[in-house]
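Protein chains in written order, with the numbering used here: chain A, 88 to 198; chain B, 1248 to 1360.
Don't read these hints as lab results, they were simulated from the structure. A portion of the hints provided could be inaccurate.
[Claimed, not checked] Listed next, the in silico BS3-like pairs over lysine-lysine satisfying Cα-Cα at most 30 Å (straight line):
| # | chain 1 | residue 1 | chain 2 | residue 2 |
| --- | --- | --- | --- | --- |
| 1 | B | Lys1265 | B | Lys1312 |
| 2 | B | Lys1312 | A | Lys89 |
| 3 | B | Lys1318 | A | Lys185 |
| 4 | B | Lys1304 | A | Lys157 |
| 5 | A | Lys129 | B | Lys1318 |
| 6 | B | Lys1318 | A | Lys195 |
| 7 | B | Lys1304 | A | Lys185 |
| 8 | A | Lys143 | A | Lys157 |
| 9 | B | Lys1265 | A | Lys185 |
| 10 | A | Lys129 | B | Lys1264 |
| 11 | B | Lys1312 | A | Lys185 |
| 12 | A | Lys154 | B | Lys1304 |
| 13 | A | Lys185 | B | Lys1316 |
| 14 | A | Lys89 | A | Lys129 |
| 15 | A | Lys129 | B | Lys1312 |
| 16 | A | Lys143 | A | Lys89 |
[Said to hold, decoys possible] Label-pair distances were calculated between CB atoms; the ranges are:
| # | chain 1 | residue 1 | chain 2 | residue 2 | range |
| --- | --- | --- | --- | --- | --- |
| 17 | A | Gly96 | B | Thr1333 | 17 to 25 Å |
| 18 | A | Gln167 | B | Thr1252 | 28 to 36 Å |
| 19 | A | Leu133 | B | Pro1308 | 18 to 26 Å |
Quick reminder that beta carbons are idealized off the backbone N, C-alpha and C, glycines included.
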Amino acid sequence: QKEVEQDPGPLSVPEGAIVSLNCTYSNSAFQYFMWYRQYSRKGPELLMYTYSSGNKEDGRFTAQVDKSSKYISLFIRDSQPSDSATYLCAMTRGGGNKLTFGTGTQLKVEL
Amino acid sequence: EAQVTQNPRYLITVTGKKLTVTCSQNMNHEYMSWYRQDPGLGLRQIYYSMNVEVTDKGDVPEGYKVSRKEKRNFPLILESPSPNQTSLYFCASSLSRGEETQYFGPGTRLLVL
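Could you put together the complete structure from these sequences and hints?
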């Protein structure tokens, strides 16, 4: 079993829809949770960063962490075609320990 | 401009021919890391370095070497490449730790015949 599981998609939604992307994990020691966005033929870029449990909002993006269920989510409101990309969750224990990524979910937002 | 650069961007080589992929960052970051990205497997960490002369293994270090002699550079060395090392490679850096924002390079696509 992988430490981090993520549905690869592809996920196709109409413009303006609310998108929900999710990851589950098995290592209860993970403390830092991140979402990276990767456009085709580019390196990933950090989108959201959360420490421990709770919600964090940044514009149209909301990151949620539920440590009791070992489940993290990224919500995108009013999705745009420019949101079409692969979204990777990542997490770590911190303190210099390695970062573990999910396999990524491919999202396509259609006009 | 703050950035992570990798060279070469594309490389085709043959089994057993030693190669080096360079990585350089201009942000004075202490933490640097190498990843490979494969379909269905996502990004997997190969090696990381928390500072000069300090390196540690990630998830998939077999067949790779790294060195960190200078803060800005973190080359990835394949002493004897094999076809299963055909992949997309990314270098990344962050200020001091892996849990901080990592800035990724543009990637190096490697094909080993």
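Hints, verified against the model:
1. Between Lys1265/B and Lys1312/B the CA atoms are separated by roughly 11 Å; this keeps the pair inside 30 Å, and the hint holds.
2. For the proposed pair Lys1312/B and Lys89/A, the alpha carbon gap of about 25 Å is at most 30 Å, so the pair holds.
3. Our distance criterion of 30 Å between C-alpha atoms is met by Lys1318/B and Lys185/A, whose separation comes to about 19 Å.
4. Annotation: proposed proximity of Lys1304/B to Lys157/A holds, straight-line Cα distance about 26 Å (limit 30 Å).
5. Restraint check: the Cα-Cα separation between Lys129/A and Lys1318/B comes to about 24 Å, which is no more than 30 Å; the hinted pair holds.
6. In summary, the hint linking Lys1318/B to Lys195/A is not supported, as the alpha carbons are separated by about 39 Å, beyond the 30 Å threshold.
7. Between Lys1304/B and Lys185/A, the direct Cα distance comes to roughly 9 Å. Compliance with the 30 Å bound is thereby established for this hinted pair.
8. Simply put, Lys143/A and Lys157/A have alpha-carbon atoms about 17 Å apart, close enough for the 30 Å limit, and the pair holds.
9. Restraint check for Lys1265/B and Lys185/A: satisfied, since their Cα atoms lie roughly 27 Å apart, inside the 30 Å limit.
10. Using a Cα cut-off of 30 Å, the hinted pair Lys129/A and Lys1264/B holds, with the two alpha carbons roughly 27 Å apart.
11. About 17 Å separates the Cα atoms of Lys1312/B and Lys185/A, which keeps this hinted pair within 30 Å; it holds.
12. Straight-line distance between C-alpha atoms of Lys154/A and Lys1304/B comes to about 27 Å, which keeps the hinted pair within the 30 Å bound.
13. The hinted pair formed by Lys185/A and Lys1316/B meets the criterion: a straight-line CA distance of about 21 Å does not exceed 30 Å.
14. Simply put, Lys89/A and Lys129/A have alpha-carbon atoms about 25 Å apart, close enough for the 30 Å limit, and the pair holds.
15. Of the pairs offered as hints, the one joining Lys129/A and Lys1312/B holds, with about 24 Å between alpha carbons and a cut-off of 30 Å not exceeded.
16. About 26 Å separates the Cα atoms of Lys143/A and Lys89/A, which keeps this hinted pair within 30 Å; it holds.
17. At roughly 24 Å, the beta-carbon separation of Gly96/A and Thr1333/B lies within the given 17 to 25 Å, and the hint holds.
18. Between Gln167/A and Thr1252/B the C-beta distance comes to about 30 Å, which sits within the given range of 28 to 36 Å.
19. Our hint of 18 to 26 Å for Leu133/A and Pro1308/B holds, since their Cβ atoms are close to 24 Å apart.
Figure legend: structure checked against the earlier numbered hints; the only hint not met is number 6.
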